[in-house]
Amino acid sequence: MYDVIIVGSGAAGGTVAHALIPLVQAGRRVLVLEQGPRLDDHEFTGRELEMANALFEDGGGVLTADGAMTLAFGRAYGGSTVTYTGTSLVPEPHVFEHWQVPGITHADIAERAARFAEQNGVHFLRDDEINENNGLFAAGCRTMGLEAGRFPVNTRGCKGSGLCNLGCPNAAKQGTHRVQLPAAERAGVEVVTRAEVLRVGEREVQVLVHAKPSGAKGRESEWAPGSYTVRGAAIVLCGGSIGSTALLLRSGFARALPRLGERFTCHPAHILVGEHAQPIGQSGFPKTYFLDRPDEGFILETCMYFPFITAKNLTGFGVDHQRFLDAFDRLQMILVLAHDKAVPGNRISVDANGRAVVHYTFTPAVRKALVAATRLSARIFFGAGAVRVHAPSADPPLLTRDDLPYLETRVHERHFLTHRISVSSAHMMGGCGMGRTAADSVTDAWGRVHGLPWLRVADSALFPDSSDVNPYLTVMALADRAAQALIDDLGALRAAAHAA
Amino acid sequence: MSTLLAPVRPTFRALAEAMVPATQHYGAAEWAEMEAMVETALGARPRALQQQLLTFVRVVNLLAVPLSGRTLVALRAAARERVLHRLERAPVALLRRGVWGVRTLIFMGHYARVRDGGRGRGGGEGGGGLPPEKTEAGPSLRSGRRA
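Note that the protein sequences, when read in sequence, are chains G and C.
Take 1 as the starting number for the first sequence in the numbering used here and just add one per residue.
Take 501 as the starting number for the second sequence in the numbering used here and just add one per residue.
Bound conformation, chain C alone:
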């Protein structure tokens, strides 16, 4: 179980569920894996930055109150997303920066995990991924050479 995120875990998961709806279907193991990745990334950053991000997560939960009448955690996923979209357009750059930073961590925890495992990059979660040692080029379309 992660520790760095522990004080803000409910809000962090609310943010994740709004930003990547697929996380709404996470089980305990997936959350643990995702949060461990996020913690590892956060842990490699300066302590001041870690604290800024964790503080921002706390603040976002409360900022939802004047915007929607409830804390972020208490809102349904769609309402959370609406609140966060307002914050990502906020006139205060610090708020936009905070949203951007949190979304980057959440995207990393989701997309670098579920699409990883030797597949490199690829299609939907059900398959279609490209293994690292693939050799075939796709269909060719001719084009003029310039340069």
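Same shape as in the complex, but just chain G:
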């Protein structure tokens, strides 16, 4: 019997585990169950397919129900904090005003986020650490009279491998696998990897611990392979938007929680490339600048991805497509993300086998935003000196400077043809949204599931709508709130568990 069982070890699970250290030091038992493996430092090789298969669910190739969008999320000790870029933003106040969750304010989230920013070494890169790919973005913005913002990032001792999204090979990125989880384990929190939680029941979880597959990365699980039923006075779900929501759905909570699965958003994204006449500096930290355009519904971010993921995200194939990939060392890259909003129909469900199914339709607003973002990116690329630009929502998708006067017609929503253009997401949010009652939400503002005091949600599933910016610091702040409430409630929860 544990006092607290935490399902998942990413931004939320790591935060909750760390916040519960005082409880463990006071004799309470806290368990973290992580579905993915625990990798040793030497296993972060930076090899694209090898690391994607080791660190991402389905190798990063999870598809929405209609196959029109790829969803990438981590599945490892540290969750997606192992594979994100480490950019650390707090949403603007209007985001929380739009959420309309009593008690959730920008001031509260910002105060908590600041604590985690300090804990994780968040800082701005020095000018001499900013590579040419990033510098070209800022220069391109300036040609249009725009000023790019600079990302705070959570690295310590970054050696500029540029491999953040494949897991930092230099142990520089300060995800929960580097900061919160090791500290929690040193204090006595128990972490079990390769532990898949199949079901949640009344103060218990059913767990299947997997053996390490032959040839796979990572250590063996801390527990012997097999099935377990583990009891806890409180259960905190931190498996991410899709993981936590699907777990509740397949555990039969849909009737008690009619809003379960709703309000899913994900910042649908394109990877855009501009080709320069000469090689550009791509080495170094990949994501330094952003340009937020809330009124137009999108944000642009610098990025530098890997050959396969780049090839996959460009529209088309054949001779023209290969020419871009052959020019890889001359490519500048921009990631465009739409500020999608929660709408009916975009939701998470489960199939007959209990596997998550994500239903997502690109709304007219999202299509418009991605197309507008592509046009602006093309201008930035050309402003920075690019000679050719790949634009997914153009047909053909190749733009030259001669197309500049005609961008409004060349890049157009009529070319946004699903299953032809590639759209991906790494910011899954919602499914267990916060609110007032079970009629409008799944939890309260502290992650307490309505009507089930022993059950908590602490991750990005809580978002009642998009965060508009990279969500990781917001996840940590919400997880911190959930942990605070849990500490306050644990005495009563333990008494109830013992009485049961």
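In short, the hints are calculated from the structure, not lab data.
Just so it is clear, CB atoms sit at the ideal spot from N, CA and C, and this is done for glycine as well.
One or more hints might be untrue.
Stated by the list, open to error - If you want the ones that stay clear, here's a sample from chain G, every Cβ over 12 Å from chain C, calculated:
#	residue
1	Met1
2	Glu48
3	Leu198
4	Val209
5	Arg250
6	Gly252
7	Ala311
8	Asp320
9	His359
10	Thr418
11	Ala496
To be verified - These stretches of chain C come out as covered by chain G in the derived footprint (C-beta under 8 Å, 3 or more residues):
#	segment
12	526-532
13	595-609
Claimed, not checked - If we take Cβ atoms under 8 Å as the criterion, some of the chain G residues that face chain C in the derived model are:
#	residue
14	Leu49
15	Phe253
16	Pro307
17	Phe308
18	Gly316
19	Gly318
20	Gln322
21	Leu325
22	Leu417
23	His419
24	Arg420
25	Leu493
26	Arg494
27	Ala497
With the hints as your guide, set chain C onto chain G.
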């Protein structure tokens, strides 16, 4: 030699040669390596999905007939590419989805293989790759800080 792709190998290679022209220069060893990667990826997917993709490969070969007068395998590379570009714009989403799925596997088999091997990401196949343990940042360009 791969087995999952065996029943559709000629069409699969025709698709690959149209989608990534560099594969037209593959030797037997490169094909074997590439197809093994694709099979491994396919093998990790549900059986129904495997069958859908293999069925799609067969269908594409025949769909080329009404579009160009010959099966896909019988066409030259440029003509294959034209047929496939028509299919990727097809009004039927299932056809577009099939093309997208096949191209993803082919891109994986080519780009994740020839650019891999410890180089992480990098330039053309002749070199310019970036090793994982690189330490030097590129040239800096100043920009204003906001945030």
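(request) Sort out which numbered hints this structure fails and list those numbers smallest first. (result) 2, 7, 8, 10, 12, 15, 25, 26, 27
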